[in-house]
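K.L.:
Please take these sequences and the hints and turn them into a complete structure.
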Amino acid sequence: MHALTAFYSAHSALINQIGVNALLALSIWVTLACGQLSLGNMGFMAITAYASVLLVLRAHWPFFPAVLAGTGLAAIAGLLLGWPVLRLRGVFLAIATIGFGEIVRIFAVNLSVTGGAEGIAGIPQLASTPIIYSSLALAVFLLWRLTRSRAGRAFAAIAQDEVAAAGLGIDPAAYKLAAFAIGAAIAGYAGALSAFSSFFISPTDYSFGRVVDMLASAVVGGIGSVGGPVLGSILLTLLPETLRFLQNYRDVINGLILLFVIVFLPQGLWSLVDRRRAS
Amino acid sequence: MLAQQLVNGLFIGSVYALFALGYTLIFGVLDILNLAHASIFMLGAFTTLVLVLKGVPLLLAILGGALAGGLLGVLLDRVAFWPLRRRQAGPLAPLISSIAVGMIYVGTANGIFGPDVRHFPFDVVRTPTYTIGPVTFTLAQLTIFIASLALMAGLQLLLRRTRLGAAIRAVAENPRAAQLVGIDLESVYAQTFFIASALGAVAGILFALTFNAVSSVMGSAVELKGLAVIVLGGMGSIPGSLLGGLLIGLSEDLSVAYLSSGYRDAIVFAILFLMLIIRPTGLLGKRGLRTA
Amino acid sequence: MRSSIRALFAFFVAAFFAFGSLPAIAASGDATVGAVFDISGAAGSYGDGQKNGLQLGEDYVNKNGRVHLSFDIEDAATQKAQAVNLFQTFTTGGKVVAIVGPTLSSEAFATDPIAVSAGMPVLGISNTANGVTALGPCVFRNSLTEAAVVPHALKAVIDRYHVNTAAIIYGNDDAFTKTDYDVAKAALDADHIKIVSTQTFSKGDVDFQAQLTSIKAANPDLLFVGALAVEAGHIVADAHTLGIKSHVVGGNGLNSPQVYSLSGGAADGVVVGAAWAIGAQNPGNIDFVEKYRVRFLKDPDQFAAQAFAAAQIMENVLTAAKSLTPKDVCDSMKSMKPVNTVLGAFSFTSNRDASGDGVVLVVKNGRFIGF
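Residue numbers (my numbering), protein chains in the order written: chain A, 1 to 279; chain B, 1001 to 1292; chain C, 2001 to 2371.
Some hints could be false.
Here are some, though not all, of the chain C residues that point toward chain A, as calculated from beta-carbon distances under 10 Å [said to hold, decoys possible]: (1) I2039; (2) D2075; (3) F2087; (4) G2093; (5) A2129; (6) G2131; (7) N2172; (8) A2175; (9) K2178; (10) T2200; (11) S2202.
One-sided and incomplete, this derived list gives chain A residues near chain C with beta-carbon spacing under 8 Å [as the list claims (entries may be wrong)]: (12) L4; (13) T5; (14) S9; (15) A10; (16) H11; (17) Q17; (18) A121; (19) R145; (20) S149; (21) S198; (22) F200; (23) S202; (24) P203; (25) T204; (26) E241; (27) R250.
In short, the hints are calculated from the structure, not lab data.
Positions of the beta carbon are idealized from the N, C-alpha and C atoms, including for glycine.
P.N.:
Below is the structure:
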């Protein structure tokens, strides 16, 4: 027991990062499950993080109402963004959403309420490990239920072939918009947890590289089921810690793993876990 | 001041256009977004720098950089796209495998050259400065502008007037039909990657020579702007990437001059965003890009 | 196929517990001080100089023999999350008595609270943002802030030349360069210099022609550059090409050989307010510069000098400490007498910042000399 508490006190920040990154990977997974590649999730993270931090620090709101209000804001932003862009297919949706994310970041740099480049320091540590992991467990459970529901089957049908899905009486636009808003809300919520567990936020936390990390986690883990993104996040968050000795070559290993998985394991690492369970 | 800003915008815009040309060519032929293109842009510049430092004359070093870029493009196709083509993966997989190869290329450069910004010897890049009326520019800038236009014209000629060009266009139009008339698809893909990547490398070399800076992260300066260029001009359209590049270059300089330098990049992305919503085919694109 | 992946996975898990949970270098001396620098990634060129400077400092201190000191230098890779994890490993590992670093102020805001709650003293050597040392009673820095050096450089130029108008160009997406802007604007306003143009750029930009064309049209007597070395080198080169004749002034970010190596002769006449001068004639500094050149085959920059000074400061602090525990080391830092370092005679202010005004330098024939 003592060893366990000692391990936790030495690694609590890393453990929290894994939980937050898993939520972020799930946020991008939701839209992928519906066949949509949305790469604007760093923008939703920023919206909720800044909104909830400002509500707590400036307006003295309690933690949960502030985070929920910020999450709601991200969901609304998701709906407003999703409505015009969801007509775009594949890479065009990706490009439009990257543009959105960058615009959010540039506004965070230029506005005074966000503290500009100097960011906001002195954020209280309100997102504890139990909060982060119960949120993750809840998200995994709800998303798992979703995949088993009518909506989940509709998502899969749209991802498979949108035209055929429409032929089956599914309304692709409505389901895509729903997936988009859910993804935005999860990304935003995770952004708030990240802000309230790391003392400090600034616009660099929400750059394009962040969403590439989320996408890599989801894909390495596997987008076939809800366990994949979680597995991928654990691996890709631990990896930099173990590869520190490689210094400037670290990205080579990250890239090789990503390439290896996409070429040889199209269903991600989770497919290994699944297959073993089946046999 | 306006005249100077217009000239600045055209110079940087021509480099954006040349970079975006590779993006758009690969998209036009293979229908994939190649996010490793910016890493080839960077490696082309590093190859030329290394050659120049070894005493190779500049023109030969540029050729060497272009050749290295082209070969890296072919390698990229073999490891990242060919296996996915074989199993007919969806559009997401190639996007991610190109990100992966981009990470490998950038990481390799980072490991070899470190995070420092390198530069060319000053006697190689120092060029005379000209002042005509209110406008000041260097010979290097002018050369780069002309070279960019010439390369784009050359590519257009290649596509319109040669057998290879005809084959590339046929594959872009309909790969299965092209195969039926005896075109070797894989050979066309490899040559497309070579040409597109060599052009991307040349863009990187010219960029590095103009600003006299080579670093492993230099690709990120153009990576996302290149997307804005091809969306604005029209995906898959070569005149479109020229027009898009020049317009993005101009919009940057004019927004600094007359609006706010802080929101310069936001304006670029706003243009990209609005273009996608209003006219996803871009200014000069013809392909139907919306889903039915 | 499948087994190889399982093996790979097992390898990473094993590697994590083997490397990740322990500081990589075992303590071998009487006192171990942790160091968290960005040796790779975007800020890698700063962390590299810091690592070199600290290694040289470790040899210097151990040769003096007053205390046996070893630095455990770890790479945070310009990733805030990794800097946080390293701080947590150091504060809970029970091996180190103090931490030097991290490289960036934006990292310090996330890492230093961890050290504060563990009672671990921190010595920042390149954190210049406002409020870093206010994070806790044991957070110190030996880096002079922009607020300390920039007004002096501006004053020196204004006193010597005829200056009525000024323009500012600065990076607005970086805390360091944004502080430059705030400090320079306040100093210019106080001197009743009219600011005729304010332009911004983003980290990593190489093309500054648009901003400088606007500045040229405003024709200022003085151009303040709030930038880090690489961007500053490009700005100086572009300003020269466009024929801008204003007196160029900058802060700590410009105190790097890259300012003239990236801009050729264009950097001549650039005035820099900084914490350290490579040509400072105190014997300690001459010795440091010489040893650095021999070992690393290049000139030290200010990052390396401040890291070396950190070793000199820790030598005195540890010698004077009642015991080698974080608490006593912190107390010893609070009561530290002025120390001779490569930065000159060094002491902390009551707010645990570096005291002093720094130096004002000018580039002449491709090197920094006193202004």
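K.L.:
Which numbered conditions among the earlier hints are violated in the structure presented, ordered from lowest to highest?
P.N.:
12, 13, 19 and 20
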